[in-house]
Structure formats: structure tokens, C-alpha cells
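Work out the full structure: start from the sequences and follow the hints.
In this text, residue positions in the sequence shown follow the UniProt record's numbering: the first is 1, and each later residue adds one.
It should be emphasised that the hints constitute simulated quantities derived from the structure, not laboratory data.
Please read these numbers as outputs of a predicted model, since none were measured by experiment.
Careful, some of the hints might be misleading.
What the hints assert, rightly or not - Label-pair restraints from in silico Cβ distances:
no. : residue 1 : residue 2 : range
1   : Thr103    : Phe57     : 16 to 24 Å
2   : Thr8      : Gly51     : 48 to 56 Å
3   : Val45     : Met87     : 37 to 45 Å
4   : Leu36     : Arg74     : 28 to 36 Å
5   : Val45     : Leu90     : 35 to 43 Å
Backbone N, C-alpha and C define an ideal beta-carbon position, used for all residues, glycine too.
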Amino acid sequence: MDTNQSETPAPEVIAHGLRRIRLRRWILWVVLIIYLPTMWLAQQVTRSFHGALPVFFAWVLLLIIATAWSAAVRCPRCGNYYHVNGMMLLYLRRCLHCQLPLTADREKN
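Here it is in C-alpha cells:
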């Protein structure tokens, strides 16, 4: 999409897009946080390292999916990927292209 900001989207469109970005970031955090309890439970149930390996590989697959899904979200203002600039994936709180803050819809004018 063109990065020309002459056509600024409506505030409702920006708010909806930012909610989607925040949701995907939260899902990624949840996937990251569930690693330790899940692996602890797998170790308790199987009582072996090799028995817990399928759980680990399932978690890694889930992590790859969540990371790709959260990285593929587009900025509601400029239309570029919010967290990706070139080959670099950076989870910052601003769009890497137009600098739209993650909480722009919550800020008071």
C-alpha cells in the first residue's frame, strides 16, 4: 500500500486496526508465557525428557504461527506491516513506517 499519508483513515478504522494489533500481540505473549507451565506439566505426566518432546515441538509450532500472525498485521494508517521493516521484525510500540503509536486510539486530543 502507498505510504502517502494525504488520505488519513477515519478514527474508527484506526481504532479497529490498533485493537487487532494489540490482540495479536497479547496472543503472542500468552503463547510465550504458557511455555514453562506446559513443559512442567509434560514433565510431571511423562516423567521423561523424551516423553515431553512432542509437547515442546507443538509449542514451538504454536510459537511460529503466533509470531507470523502477529508480524503480518498491517498498520491502519499507512498500510505497511506494523512490526516489520524490510527483513527486520521489531515489536515496538510504534509503526516502523509512520510512527503511529499502539495506543493512538486511547490518547486524548
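ask   = Okay, Leu36 versus Arg74 on CB: inside 28 to 36 Å?
value = This hint holds: roughly 32 Å between Cβ atoms.
ask   = Taking the beta carbons of Val45 and Leu90, is their distance inside 35 to 43 Å?
value = holds (37 Å)
Satisfaction of the hinted span 37 to 45 Å by the C-beta atoms belonging to Val45 and Met87 = Check passed, 40 Å falls within 37 to 45 Å.
request  = For the range 16 to 24 Å, tell me whether the beta carbons of Thr103 and Phe57 fit it or not.
outcome  = Given a distance of about 36 Å, which is not inside 16 to 24 Å, the answer is violated.
request  = May I ask you to test the hint 48 to 56 Å on the CB atoms belonging to Thr8 and Gly51?
outcome  = Given a distance of about 55 Å, which is inside 48 to 56 Å, the answer is holds.
When held up to the earlier numbered hints, the structure conflicts with hint 1 and nothing else.
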